[in-house]
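Can you build the whole structure from these sequences, using the hints too?
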Amino acid sequence: MKNMLEIQNLSKSYKDFNLRDVSFTLPEGYIMGLIGPNGAGKTTIIKLVMSLLKKDAGRISIFGMDHRDHEVDIKSRIGFVYDNPNYYDHLSLRRIKNIIAPFYRTWDEGRFQQLVKQFNLPLNKALRKFSRGMVMKAAIAIALSHHADFIIMDEPTSGLDPIFRRELLDLLGEILQNEKKAVLFSTHITSDLEKIADYITLLINGRLVFSDTKDEVLAKFALVKGGRDIIGDIPLVGFKAHEYGFEGLTDNIQAVRKKYGSKVVLEKASLEDIMFYNNLGNNHAQFN
Amino acid sequence: MKLFIIYTVYTHITINTINTIVGEKSKPMKIIISNASPDPIYDQITRQIKNHIITGEMQEGDPLPSIRKLAKELQISVITTSRAYEELEKEGFIDTVGGKGCFVAMQNKELLKEKRRKTVEEILGDAVAEAKKLGIGLSELREMLELLFNYEDE
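Protein chains in written order, with this note's numbering: chain A, 1 to 288; chain B, 1 to 154.
Just to be clear, a hint being listed does not mean it is correct.
[Said to hold, decoys possible] Covered, in the sense of this in silico footprint (three residues per stretch, anywhere, with C-beta under 8 Å from a C-beta of chain B), are these stretches of chain A: (1) 58-70; (2) 126-137; (3) 196-204.
[As the list claims (entries may be wrong)] So, partial list: chain A residues that the calculated Cβ filter (under 8 Å) puts toward chain B: (4) 29; (5) 169; (6) 244; (7) 245; (8) 268.
Since the hints were derived computationally from the structure, they do not count as laboratory data.
Every residue gets a Cβ at the ideal spot worked out from N, C-alpha and C, and that includes glycine.
As structure tokens, then:
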């Protein structure tokens, strides 16, 4: 199995934010969700991968090639959806497409027309008159119209209604029928895309918390609820206490079950729970 | 001894029901995924396909949908689906034929029945343990079982 994306010891510093020593890989044939709260470094990583920012240290390779040495080659095979598409917004979608299409040898006009129709997008209206969701749909239509091998999406679901978000799942599922393709998306809305994600990478404060298969992640963590008296003893990644008890996240289900089995409730944790309590734990650690 | 029983209430239940066509001749295979179930998704798939095989709904040699097709239809991860198929193969329910996909394996019907018997015994064992905790005696338990058994028959 080949790797679509390899990131090794990636670092980037700003005045008020540091991405520190991040490493993870995405094998081809799979979907990875890059999750984390706002300001975790998701967009920074995607911009570094797309060479829109210059890294301070580390190695990025895509399709087995260095992302800088083979930038043009690599980019022609990537479908990129950016959180804040910077299109010339006085132009219509048709004009923008006419500008973009020639850059891709593999541009598929039929596919584009089909997606525009499916997404109900007007071709002749200026983009500034588009809603945020429509702009996102337009960006997705363009990204999916040149048979890209690697789809990279930064916050693709923000501004999209749940109906279209599900449609997007179908589109991605279709792309993944080909096991030579891969998808990387970042999101802080973990609920929809988490369904189909094979790998989950969690970032908090510029650091990698974990990068693993979703099934491993969901099996590793559990929600714990119980009385306030045991908070100090129980192994928790992070917790929130309220007047009548607490809710927290553990990464040591066996130990909790063995020692506190009768005193606590253990429940399946969602990715949102996992992100939330890891973030809380991280903040606690910083204050202590 | 005090006994605490804790009920978990799921506020939203999402169920993906999908009928996947497994082959031109065979009937659609039914798989229902519950996101509210405490069981992992791969386990739900494994169990349901096993059931189809044990009840004879899926026959020896029947093709299974490809891993990627099933993942797409159920809107779940490819890795989860692979895991389900791996479990089925480990337990001898399906065979993977390189380049052609997965098929229902030759089954030892008696062995399967024996396995199912074991499951029934286990569940009854749980019921007995629970009954003992509550001080329910054998005769009362027998009555319950009879009642349930006859009810199911009707």
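Against the structure, the hints come out as follows:
Restraint check on the region 58-70 of chain A versus chain B: 0 residues with Cβ-Cβ distances below 8 Å, three needed, restraint violated. Counting residues of the region 126-137 of chain A whose CB falls under 8 Å from any CB of chain B gives 0; the rule of at least 3 is not met. Remark: the region 196-204 of chain A is confirmed as covered by chain B, as 4 of its residues place a Cβ nearer than 8 Å to a Cβ of that chain, reaching the required three. At about 7 Å, the closest approach between the beta carbon of residue 29 (chain A) and any beta carbon in chain B falls short of 8 Å, and the interface hint on this residue holds.
The restraint placing residue 169 (chain A) at the interface with chain B holds, with a minimum CB-CB distance near 5 Å, inside the 8 Å limit. Taking 8 Å as the C-beta contact cut-off toward chain B, the hint placing residue 244 (chain A) at the interface is violated, the least distance being around 15 Å. Annotation: residue 245 (chain A) was flagged as interfacial toward chain B, and the flag is violated, the nearest CB pair being 13 Å apart, outside 8 Å. A cut of 8 Å between beta carbons decides the hint on residue 268 (chain A): the least distance to chain B is about 6 Å, and the hint holds.
Of the numbered hints given earlier, the model fails hints 1, 2, 6 and 7; all others are met.
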